[in-house]
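Asker: Work out the full structure, taking the sequences as your base and the hints as a guide.
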Amino acid sequence: MDTLPIPHDFFLPMPASTLELQVFAIFLFLIHILFVNLMLGGALLSLFFEIRGLRRPALDGLAQEIAATVTVNKSIAVVLGVGPLLVVNALYALWFYSANALTGTAWISIVPLVTSAFLLLYAHKYSWHALADRKGLHLMLGGAGALLLLAVPLIFLANINLMLFPGRWLEVHGFLSALALPNVFPRFLHFVLASVAVTSLFLAGWFCRQRFPFEERFPGLERCEIRRELLTTAFGATLLQLVIGPLVLVTLPPDGLSWWMILNLAGGVTLGITALVLLWREAQSTAPLSIRYWSVVGALAGTVVLMAFARHLYREEAISPHRAMVAAHTAAFRSAALGAEMRLAAGTPRLGDAEQVASPGERTYRAVCMSCHALDERRVGPPLTEIVEIYAGNPAGLIAWVRAPGKKRAGYPEMPPISMQEPQYQAIATYILEEVFAPEISEDAPTDSAAG
Amino acid sequence: MDFPVFHLDFLGNRMLIAMIAVLHVMINHSLAVGAMPLVAALEWWGHRKGDERWDRLAYRILTVSFVITTTVGALTGVGIWLSTSLVNPYAIGSLIRVFFWAWFIEWLVFVTEVVCIMAYYLSWKKMNDRKRAHIALGAGLAFASWVTMAIITAILGFMMDPGSWMSKESFMSGVFNPIYLPQLAFRTPVAMVAAGCFALFLTFFFTRADRDLRAGAVRWLSVWTLAWLPLAAAGALWYWKVIPAWMTANVPVALGTQKFASWYTDLVVTLAVMVVLVLLVGLAGLAVPRSVPRVAMLVPFAATMLLLGSFERVREFIRKPYVIGEFMYANGIRVDDYPLLKEEGVLRHATYTSVREISDSNRVTAGREVFRLTCTRCHTATGVNSVNDRLRELYGSGEWDRETVKYYVLGMHTARPYMPPFPGTDREAGVLADYLVDLREHRRPIPGAQEVGVVVPEALPESGTESVGGA
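Residue numbers (numbering that gives the first Met the number 0), protein chains in the order written: chain P, 0 to 451; chain U, 0 to 470.
No lab work stands behind these hints, which were simulated from the structure alone. Small disclaimer: the values here were computed from a predicted structure and weren't measured. Ideal Cβ placement from N, Cα and C applies to all residues, glycine included. Mixed in with the good hints, there may be bad ones.
Stated by the list, open to error - Calculated from the model, a selection of chain U residues having no Cβ within reach of chain P, i.e. all distances over 12 angstroms: (1) 114; (2) 184; (3) 209; (4) 293; (5) 301.
Said to hold, decoys possible - Heads up, simulated DSS-like pairs for lysine-lysine below, C-alpha to C-alpha not over 27 angstroms straight-line: (6) 240/U - 406/P; (7) 134/P - 124/P; (8) 124/U - 48/U; (9) 124/P - 125/U; (10) 240/U - 125/U; (11) 240/U - 130/U; (12) 124/P - 48/U; (13) 124/P - 130/U; (14) 125/U - 48/U.
Claimed, not checked - Looking from chain P toward chain U, a few residues come up when the C-beta cut is under 7 angstroms (computed): (15) 77; (16) 207; (17) 335.
Answerer: If you want it as structure tokens, here you go:
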């Protein structure tokens, strides 16, 4: 049968109150994910316009301009990811690290995958003119970069999903089985659509801002045409969320569902639908971007914040029973450990499990001396037979040497000084000089007695 | 003990961290901390001379630094974190609890640094008519890069400062631990020297068509490198001098010096070689800038990297047997948990193990679980730093005596003070010995939780509710 894994928590206090850390986690994560959206969405849209640019060259310039935003946003996305990672590492270390270890190969692959994606995106951006005549190759660079960027969120999603369900940890055998858990793929679609929507909305604002010399930069394109296309894309991607969103919700294991969470979701959906209506009307207009554009941005930002809160409520609810078990287990362990510490300090440790049969001298000899000395052959140092020859009848001399040895023999490394507890020196001298070569105690004498 | 055991039996877990960390330090020191002031200075020089060609050269060197630092550099930085949390989650989790705010501040500086480098690089051409402001931006960026290094060096110091970090006043005493300032005084000029060597190397590619510029630039960069060289040597010597004092304070048993001594001598040799190489190349660059071969530039660069690597290695060594001074051993087990584990065993208290209770029929399997739980953070079964090789050095390639191995396990920390004491019961040491003796004959790698998942046996009643020891 399956037993729930119940680890010991850290014995150190949190660096701040959990409430503060939770608020930190939500907002720092949202800022990070905004730039991740812009990075991934930009890579996809740049590719999309470049492919269409094969038929209609005017769009190629637009694609290049989008690619230029990607390499900036990607650096900001990475550096802004460190903050929320730090907070998650404080708040959910026990759960997060467990999921990381269970998907370890994929988890550490994030480093080479993202590095390669970024290098490909740079190559794509900086070879635009050099490869103007070899568009196939150029598209492959951008395409490979975008594909890698699409793969990485799967690793993160598999991890933050897996961490919520300790009961599932026992079923997982590597990254792929973690990926197969419910909710990962719907959430991935949810995220990719959001990336496209956020980036289209951003680009509409970026290219259609008053100061941007659009017609000059993109000869052959009209501002209001691109504006409509980008806003319509944002609308379409957001509209699709009305299908994907419920799918994310129903594939969510019931562990963390609560009315508060549903209430947050409902608020988010309401704002989202409001944004959709405004977005549709703004997309139909040919006038410069109006206050309505900013209302859309505001409403969608509100949606995202409410959704993030809902997600957080779910996470806390899902983890809380396990967290309580961990706390109880940790407290019991802590008091047992303190008890053992006190017994040790009082000199009465319960070492009932021991399988000691050797004399104290032999024990120390095997533990310490045998690293370098053998009975009758040279290892690192000379054999015991030679040592006994030198010190026979002179245990004090042997002890003095062991405490502060020097360099004596050519061709041997210098022996390091050995510090032990006082009785151990005496025991070891007795053992070496009197017991080892005594006929009744042979090397084979100690036998294993598992009964203890 | 409390986390699924991620394990790489071929590469070794420490090697994974080392590879990522060394790559990161090399890129960070030479292409960020060193290169940013160099590029800003080169830009200023071009502006002063009113010579476009110098400006273009500075821009191209910056381009290479920019591309590498914002890809490999940034991701290996995150990678140090990802890899340490895989290999020693309990240690990194504890450190985060204590040094959260230090890291948080570092993150803010780090964000500033990234924003600055984006602004500096992307505005290079746009700010052509405001050169002075742009150069000032470069100087600000250079400062931010240096500050991130200065902060992270302080955190490294925290981890090594034994004991005091738990006490109330530990924060500042941790920052200004005896090796902090020497470390910084060493890292800073070494970064400058490394950046000089690297820029020299790049200059050969960027000045192929312009021999005059090449001669001028090689001379300029030689002056840069030679100017920092004495400081690098002085910083390294200072660092080298404080290490033994630090070491004796941290490693109470003088035995640790045996292995340390050889590294320590290596350090001085590396230092001397680096200084001589850089000096030679620098002087050649000054005297005959037209005839210095391109490869000659890579050799001193490699030497400075080697020097950095050697110091990092010694720094790591001083820390042993702890991963966090006097709080947690390198095996990820808290010092305070030892008495209980010695009484009741690691198998009993481990969250993930396939064996909870030792019996005569499961000795080798139980031993492998003990090995996995207590040894695999540093040792593999068959790969890098394999326990097999270490024992072979002690007992030869013939039969090993199980009892001898057992007693060695129980006492290894006295003979090898960089090893943590064995945390389990004597009986667990016994089954560990059974496993190790068996491993000599049947070499099998140990799979990690990332491949085979985890097993959780029935929990035993909490400690104290039953008598221990049996028989």
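Asker: Checking a non-interface call: every C-beta of chain P should be farther than 12 angstroms from the C-beta of residue 301/U. Is that right?
Answerer: Consistent with the label, residue 301/U stays out of reach of chain P, its closest Cβ about 22 angstroms off (over 12 angstroms).
Asker: Compare the distance between the alpha carbons of residue 124/P and residue 125/U with 27 angstroms, and conclude whether the hinted pair is satisfied.
Answerer: Holds, at about 18 angstroms.
Asker: Given the hinted pair residue 240/U and residue 130/U, is their alpha-carbon gap at most 27 angstroms?
Answerer: violated, 44 angstroms
Asker: Check whether the Cα positions of residue 124/P and residue 130/U lie no farther apart than 27 angstroms.
Answerer: holds, 26 angstroms
Asker: Hint check: is the beta carbon of residue 77/P less than 7 angstroms from a beta carbon of chain U?
Answerer: holds, 5 angstroms
Asker: Can you confirm whether the C-alpha distance between residue 134/P and residue 124/P stays at or below 27 angstroms?
Answerer: holds, 13 angstroms
Asker: Once the closest CB in chain P is found, is it more than 12 angstroms from residue 184/U?
Answerer: Nearest chain P Cβ is 27 angstroms from residue 184/U, so the label holds.
Asker: Hey, does the residue 335/P contact hint survive, CB to chain U under 7 angstroms?
Answerer: holds, 3 angstroms
Asker: With a cut-off of 27 angstroms on the C-alpha distance, tell me whether residue 240/U and residue 125/U pass.
Answerer: Judged against 27 angstroms, a Cα distance of about 48 angstroms means the pair is violated.
Asker: Between residue 124/P and residue 48/U, is the straight-line Cα distance small enough, at 27 angstroms or below?
Answerer: violated, 32 angstroms
Asker: Verify this label for me: residue 114/U is non-interface relative to chain P, using a Cβ-Cβ cutoff of 12 angstroms.
Answerer: violated, 8 angstroms
Asker: Check the hint pairing residue 125/U with residue 48/U against an upper bound of 27 angstroms on the C-alpha distance.
Answerer: holds, 20 angstroms
In this structure, the earlier hints numbered 1, 10, 11, 12 and 16 are contradicted, and the remaining ones agree with it.
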